[in-house]
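A.B. asks: Take a look at the letters that make up each chain.
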Amino acid sequence: MRRALIVLAFIAAAAALAPWLAPFDPAAQLDIVSLKNSAPSFAHPLGTDVYSRDVLSRALFGARTSLTVSLLATIIALVVGCAWGLLAASVGARFGALLMSAVDVLRSIPRLLLYLGALVLLGAMQTAGLAVLLGLTAWTGTSHLVYLRARDVQARPFVEGARSLGMSQWRVLTRHVVPHLSGPLSASGALLLADLLALEAGLSFIGIGVRPPDASWGSMIQDALPYLRSAWWLAAVPCVLLMTTVLCAARVADQLSRSPQSGDHVVADPRRHS
Amino acid sequence: MITLLLRRLLHAVAVIAVAVTLGFALIRLPPGDALSGDTTQVGRSAASRDLLRARYGMDAPISAQWLGYVIGAVRGDLGTSVVDGRPVSAMLGTALGNSLVLSGTGLLAAIVVGTLVGGAQGWRPRWLPGRAIGTALTATYAMPEFVLAIGLIGILSYATGWFPVGGMHDPITTLTGSARERLADLGAHLVVPSLALALGWGAAIARQQRVALAETVGTDFVRSARAKGVSEGGVLLHHALRPSLSSVTATIGLMLPVLVGGAVVIEVVFAWPGMGTLLLRAVGQRDTPVVSGAIIVIAAAVSASTLLVELAVRALDPRLRR
Amino acid sequence: MQITILLRVVARVVTCAALIACGGTNADGTVPSRRSVLTISTPADADALVPPLVGTTQGKQAVDLLFDFLAAASTPLQTDGDAGFTPQLAASWRWSTDSLSVAFSIDPRARWHDGTPVRANDVRFSFALYIDPVVASPHAGNFEGIDSVSVRDSLTAVVWWKARHPEQFFQIAYNLAIMPEHLLGSVRRDSLASSAFADHPVGSGRYRFEQWNRTRDLVLAADTANYRGAPGASRVVWIVSADPTAASLSVLSGQADMIESVRGDAFTQARGSGSVRTVEYGSFDYAYLMFNTERTVAAQRRLFNDRALRVALTQSIDRDAVVASALDSLGSVALGPFTRASASVDTTMRQIEFDSAAANRALDALGWSGRNPDGVRTKAGRALEFEVLVPSSSATRQRVAVLLQDQFKRVGVQMNIASLEPQAFGSRLEKGVFDAALNMWRTDPSPSTIRQVWGSPNGALAAANFGHYANRHFDADIDSASVTFDSARRRVLLRRAYQTIVDDAAAVWLYEPRNFAAINNRVQPVRMRADAWWAALADWRVSEPASR
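Chains as they are written, first to last, in the working numbering: chain H, 1 to 274; chain G, 275 to 596; chain Y, 597 to 1144.
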């Protein structure tokens, strides 16, 4: 797991520093006649694409976009899910069950469908909107986890004791429940990150994700497909980067979900979302 | 049992109600009404548009319109496409059928692959080939599905020419072929896309299977079965696989929304005429009735299948039966 | 032991599945009924199969095979007089002495696909259908100048013109597809597109309609008892492949037999393939960035009413570089609303040259001197920004759009790209709901058809003038050119007209592609005309497939 974390951190750092690391503007078409689909060279370590844009710069900015969207979406999903789960755990057994069955109802509608519905309404989407929408459709699993955990913790004797001493529900939550959430939340978060990364890439690939000329690994792969024979590196670079990042995130999630902290609630696998 | 069924039915009704409301909201939310966006209506005078509005009940209050939409949905009338005026329910019916064929085959293949691999890994954790395949499965599982799909097309369809490049059927065979030829044609078109799905889903099932099997390996009843002299295969089949089947079924239950709703990216890459491609085109053309109808149909289908899976889980796991 | 049973069951299932998957094919890899079928891979579906309603080339391909015309144009296409035409539905024809009418004698052997004989009534009916304003056919303007069609007897139809002009015969023979009155006569004219005939058209051509799965495939079957002889291929199938790359791939892998246009990697692969070859055919196509110059919409919304702005935008594009990048050597820069293959071409015409310094100066002078944080020019708070529509079925135009976007960015103009399905693209163009669009037009040698695309918006006459370009002098020159019999004078008039429209910067004339089709070696095409490569499709030979 440590190796996976290191790789992830490296990619994240490169993405964050993209504006300073990238040698060229990712959307700049440098010389559309002679620099089209040029092989990796000294001036362009990863070559140029069909519009003579530097692939290294695009890969860096693509990392930035993809990671930002996925991270933002993950955070939104975690926050909303956590809040909902805690609320359900605090309002008593009956209302709590009601709230959670509302979550179940929402979960029955495939989230890609919700995303497509929003797209039909709003037309094209800005990158920020994409992140928000992805996050708002991915929080159901987290809320379930949080609800179960919070209920568990609240049933323990020391919480009962604290209550009998007059501690308010809010303090019970913040003092005793929340610290126990770190395990399942981190496992869930890592899994969500891997999942949302792949989802964003897939959406950009079929054209309804990040809008061009913003770079995204998914759209870079889509652009590169007609040239697989003559310029294979155009597809290989974003493919390798995407797979590495997703694999590392998945590995981290795997390890975290197996740790004793996450408890015996198996992290429900929301993947293979589509 | 009855209470469970009732609770699940209530849940299904709730899901469909939410879906219908969402679908209705989608149609009515944008400014103006369906007639202003309808491309077949442009050019008609304001007077004739008012007439049409009255005829379609668009000047009724919102609550009446919502009720009308609900009743229509229950009766199977989901409106007509904004682009070409064809009935939405017919379009969705065909697309759903095609999606189910693909997802069903993919799921079947995933179950076979996942159960075998996961079973081998759980039962014999140190068996090297099992571990190798398991690692390969994890890699394909982490790989974004369109990358996997493109790779498979490249190898199986283009480089070797064994399988067709995309689509669901060959129009000539559909027209002139015998039933057997048509089935063979469908099969040939199914192989690569369902393989792409299976490699992705199989790993999830394999993992579930491995965990479940590993749990039961060390339990008492297995040990006593072995002590009784039951063969290794018998122990595996009768005592260990049974409870793990229920957790595998539960995993499948989690994947139901994808199964029913169509694996959009895979369908697009393989040009499979299912729900995924239909929805993508509808979104591109702002064909709201189709998207709304899809939400309802898929939500209903997911509820129905969730109920079936729940029943199956309870049937398979003796611990949960009452 | 039980586990071995399980494994055996699994093995059997797998082998069954494999057998099913492979069992339907022959040793050479083809399905038996497929031998003489011609499969065409196409990026867009036909929009309609009723001749007056067809707008896309895919629809035209099918319609030209399903329906007959009075006479068939030869290769290469000649539009003056009737020398370039051979009998098709009309076995012979006779000009009147004043050349204001032509009497066509219908071939008595001609039959509709349902067996009914073709009569002169059908010719009169077809003409009425095309020009009926309720039908609102985009081709109605092509029949301008024809007074009427009358019936002399059951097999003789007479076409009457109001005045003589050189393209009389071309006008009626090239544009009028003959449709069955006994099937279409009772259909409501305003709902032609949703009639039963539209779903199952009946013509008299050498192919009959078999099946149409919209957006997926279209199948025509040979009319073996046709009066003009059975066609070469037993079936023609168009398979729609939304992704241009997948469309080329299916031809290269042998799944389809031809695709009408290959470029880039697919072109190189087709050149080097042993089973597929590239065939070049003439091109009458030109692509352009069309500006919507309609004046009736609220003035502050429209950008392109101002000629100076259009000229500045044209000056900011390095067309040579764009064409070299997008098309390599497979195309040239377009000079105007015509192609180098037309007789009236003038390569010495005055063009608006690439000059970004001049463009910047002009934009500043027009008041667009402010800049917003993204570097886009602004004027009184409004950014110089517009949206261009591009059809998703054309890979080349998608590419050109991205190149143009960058070129405009350099002078501070923001161009947003909206990629639409072909159907949605066409619909937006017709309704005029666009700022700019990357369109491609397939023209023909006739100078009068230029009026259809660039003549003043005048109801049916200029049905394809989506950008609402209007210039009286241009109209006058085109009209004069179309009625004069003196070819030298016609050339002068047309060149003057072309210069007018180029000076007006009605559009940015982008490229003329060289057309290369990728065709499987088992297909022998004949007479691929530049304006319609499918013109003689019924005579193409489809032989036994070679080994894969």
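If you are wondering where the hints come from, they were derived from the structure by calculation, not from laboratory data.
Just so you know, these numbers come straight off a predicted model, no measurement behind them.
No residue lacks a Cβ here, since even glycine has one placed at the ideal position from N, Cα and C.
There could be a bad hint or two in this list.
To be verified - Partial list, derived from the structure: chain G residues whose beta carbon lies under 10 Å from chain Y:
#1 R360
#2 S363
#3 I427
#4 I429
#5 R560
A.B. asks: Could you check the structure against the hints above and give me the numbers of any it violates, in ascending order?
C.D. replies: Violated hints (numbers, rising): 2, 4; every other hint is consistent with the structure.
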